[in-house]
Amino acid sequence: MVSLLRNQKVRNTLLQVLYVGALAALVLAGVVIARRNLAEQGITSGFDFLYKSTGWDVNFSLLPATANDPYWWFFLIGIINTLFLGTVGLMLATLVGTIVGLARTSSNELARLLGRTYVDIFRNIPLILQVFFWYAVITHLPTPRAAHEAFGMLLTSRGLYLPIPNVGAIAFAAAILAVIAAIALPVWLGRTSRLGRPFGERLGIQLAAAATALATAAVILALGRLPDLPLLDFPALQGLNLKGGLRIPPEFSALAIAIAIYGGSYIAEIVRGGFKAVGKGQMEAALSLGLSPWRVFTLVRLPLALRAMLPILANQYVWLMKATTMGIAVGFTDFFMIVALTINHSGQTLETIGILMAGFLAINLSLAAIFNHINKAIALKGNQLRA
Amino acid sequence: MVVVAPPAPGKVEDLKRRFFATPLQALLSLISLAIMAFVVWKLLDWAVFSAVFTTSGGPEACQAAAGACWSVIAARWRIILFGLYPFEEQWRSALACVAVVVMTVLSCIPAFWTGRRIAFVWGAGTALYYVLMKGGVLGLPYVGEEAWGGLALTLFIFVTTCLIGFPLAICLALLRRSELPWISRTTALIIDGVRSLPLISILFTFAIVLPFALPQWLVGDKLYRVILGSALFFSAYQAEIVRGGMQGVPAGQEEAAMALGMSYWQRIGRILLPQAMRNALPATINQFVISFKETSLVVIVGFFEILASGNAAYGTGEWRFAYVEVYAFIAFIYFVFVFSLSRYGAFLERRMSVGER
Numbered sequence: 000m001v002s003l004l005r006n007q008k009v010r011n012t013l014l015q016v017l018y019v020g021a022l023a024a025l026v027l028a029g030v031v032i033a034r035r036n037l038a039e040q041g042i043t044s045g046f047d048f049l050y051k052s053t054g055w056d057v058n059f060s061l062l063p064a065t066a067n068d069p070y071w072w073f074f075l076i077g078i079i080n081t082l083f084l085g086t087v088g089l090m091l092a093t094l095v096g097t098i099v100g101l102a103r104t105s106s107n108e109l110a111r112l113l114g115r116t117y118v119d120i121f122r123n124i125p126l127i128l129q130v131f132f133w134y135a136v137i138t139h140l141p142t143p144r145a146a147h148e149a150f151g152m153l154l155t156s157r158g159l160y161l162p163i164p165n166v167g168a169i170a171f172a173a174a175i176l177a178v179i180a181a182i183a184l185p186v187w188l189g190r191t192s193r194l195g196r197p198f199g200e201r202l203g204i205q206l207a208a209a210a211t212a213l214a215t216a217a218v219i220l221a222l223g224r225l226p227d228l229p230l231l232d233f234p235a236l237q238g239l240n241l242k243g244g245l246r247i248p249p250e251f252s253a254l255a256i257a258i259a260i261y262g263g264s265y266i267a268e269i270v271r272g273g274f275k276a277v278g279k280g281q282m283e284a285a286l287s288l289g290l291s292p293w294r295v296f297t298l299v300r301l302p303l304a305l306r307a308m309l310p311i312l313a314n315q316y317v318w319l320m321k322a323t324t325m326g327i328a329v330g331f332t333d334f335f336m337i338v339a340l341t342i343n344h345s346g347q348t349l350e351t352i353g354i355l356m357a358g359f360l361a362i363n364l365s366l367a368a369i370f371n372h373i374n375k376a377i378a379l380k381g382n383q384l385r386a
Numbered sequence: 000m001v002v003v004a005p006p007a008p009g010k011v012e013d014l015k016r017r018f019f020a021t022p023l024q025a026l027l028s029l030i031s032l033a034i035m036a037f038v039v040w041k042l043l044d045w046a047v048f049s050a051v052f053t054t055s056g057g058p059e060a061c062q063a064a065a066g067a068c069w070s071v072i073a074a075r076w077r078i079i080l081f082g083l084y085p086f087e088e089q090w091r092s093a094l095a096c097v098a099v100v101v102m103t104v105l106s107c108i109p110a111f112w113t114g115r116r117i118a119f120v121w122g123a124g125t126a127l128y129y130v131l132m133k134g135g136v137l138g139l140p141y142v143g144e145e146a147w148g149g150l151a152l153t154l155f156i157f158v159t160t161c162l163i164g165f166p167l168a169i170c171l172a173l174l175r176r177s178e179l180p181w182i183s184r185t186t187a188l189i190i191d192g193v194r195s196l197p198l199i200s201i202l203f204t205f206a207i208v209l210p211f212a213l214p215q216w217l218v219g220d221k222l223y224r225v226i227l228g229s230a231l232f233f234s235a236y237q238a239e240i241v242r243g244g245m246q247g248v249p250a251g252q253e254e255a256a257m258a259l260g261m262s263y264w265q266r267i268g269r270i271l272l273p274q275a276m277r278n279a280l281p282a283t284i285n286q287f288v289i290s291f292k293e294t295s296l297v298v299i300v301g302f303f304e305i306l307a308s309g310n311a312a313y314g315t316g317e318w319r320f321a322y323v324e325v326y327a328f329i330a331f332i333y334f335v336f337v338f339s340l341s342r343y344g345a346f347l348e349r350r351m352s353v354g355e356r
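Top line first, the protein sequences correspond to chains A and B.
Under numbering that gives the first Met the number 0, the letters of the first sequence match residues 0 to 386, in that order.
Under numbering that gives the first Met the number 0, the letters of the second sequence match residues 0 to 356, in that order.
No lab work stands behind these hints: they were computed from the structure.
Owing to the predicted nature of the structure, the values given are computational and were not obtained by experimental measurement.
Watch out, some of these pointers could steer you wrong.
Stretch-level coverage of chain A by chain B, calculated; a stretch enters the list once three of its residues show a Cβ under 8 Å from a Cβ in chain B [to be verified]:
| hint | segment |
| --- | --- |
| 1 | 30–42 |
| 2 | 104–114 |
| 3 | 277–290 |
| 4 | 321–335 |
Where is the CB? At the ideal position from N, CA and C, for every residue including glycine.
With these hints in hand, go ahead and build the complete structure from the sequences.
In structure tokens, the structure reads:
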């Protein structure tokens, strides 16, 4: 026996078995105890509860939701809410971060100082404090009766009200897709490999494509409009409340603003790092070729900086996506809040925690996969870049 | 031949060259200047010129004023800083905060950077904090964890998170680097699993869900479960930082140690870890900064830390309108801690890069 323990191979195997076995035992013990505890409360385990109706409602949803809907539908609503908030927050944060980051790399001292002050202040204040702050600001806005008004939009303590076209849901979604296509098509066509034509002719085709897509959007909106109503539905005061229009609830705005400002300060640093990583020789070479400063920026600095930024940016995006869970602090029904509510109401603790893990794993993995794909697509190939 | 330096440019010329060299530069300068002037003026006007500082007028005087109402801080600072801690005992809470700050400052001084000294400083500091806060000995009245709050609680959660999380991170990093495939793979799975979850969900699981899965005698106070969860989260991130630091140590170092006949623990403790920690230091400080900010998340699982006590300070009664001032005050406290930590990190990075130039 002792001689067996002296054998390196035997020892290694034993160690591994012990380690993995101990962890598995820990998890198993937890599950067994949890099952017993839950059974004492009369809660049966399993995923059958997913098909029961919830009996509670959500305050924000992109999909139709009632208290009669089953749990699985609410989980879907939660994930879509999280993705929606994440996407809006990420886009705004990227916008803020790019502007501040460019200010920080600018040759102008005052702009650099401004950018640096921004980053130093907002990066050093916890995100949740900023969420609370913006939520307090928005809920202290005037009541609907005294709303701030601009361009048909109303800003009140109950949220931001936007005019919305009176069209069916499917037509609305299709129109949004068409508008996205109007922006994406020219970019896609602009890649020289797609259209082997000189610059002047390419522009015409790009503009035509964009115009076609926009026209399609208009046609869809015109065809899909609801009968007997004006095309645009403006929010208006009725009694003590506002009727009509699209309401963006304060919870959503507070989270989106906080993520944009806080995330922007981190993205600004990533942008700055990306530009710093571009070799000076690259820019000098471009300048010596006689390119204008603008073309040096768009053709050399920006593409090289983007390549340097992308992997770090992907991490930041995953982090910001996870940060949407702070919605629970102000009552935005994101994925995590649905999970927490489900545990409170159904008692299906283990199953729900499993769903939570699976959901975030799926979100993180797909974000990582998307970014890996982009990274691979734009990476410099072969001998394009020699250090 | 004598080379004469060109005459130094005059003040106006210098300004012109720095800020108005080209029309674009001039435009940028003007825009930046306008933004700065606007923000600084608005802020000063709000925070100083039109602000109310004294409590004599009460909330009514504040509401009439156009600027900030700092009297809410003067009236409610004890709630914000100490939470629900018994009023007469709040000096203990303050002293405990000082103990933690002194401990942190001491551990930032290079003279204390040996395993034994740093362990002593942190051990003594945490013990002092615990005795002061909890009492029950030395004639100090007993105060249970449920009454802890405010800044002291925030600092306690931060310190214990690091205290538990740091050794755990080193363990995880070593296990992750193990040559035995099953050990390294399982550890990698744990690390990646924890990293892919939001911290809030981990805190929630530890605070509210875990008691179901634990036998009665193991449940313990909610505070310690939450600290464990936050330490686990910290260690998963820190483990990857330590591992990165280890990868930066040349393989020859360990081979040389092996050739000298050092045992595994000697190699790890004397050769690999010291060099790895040096590589990982900037990222480590950054991780400390992040986890300090993230202590604020415990407000979600129902702790009365500084953010929650701030909400309470303005949320009830006559100060309902003064939320901006309260949040500004809390933001300032966080800013002081986080900014000094991150400045210290930058200083360290500069200091350590001296040898590598």
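Hint by hint, here is what the structure shows:
no., hint, result
1, 30–42, "holds (count 5)"
2, 104–114, "holds (count 8)"
3, 277–290, "violated (count 0)"
4, 321–335, "holds (count 7)"
Going through the hint list in order, the structure does not satisfy hint 3, though it satisfies all others.
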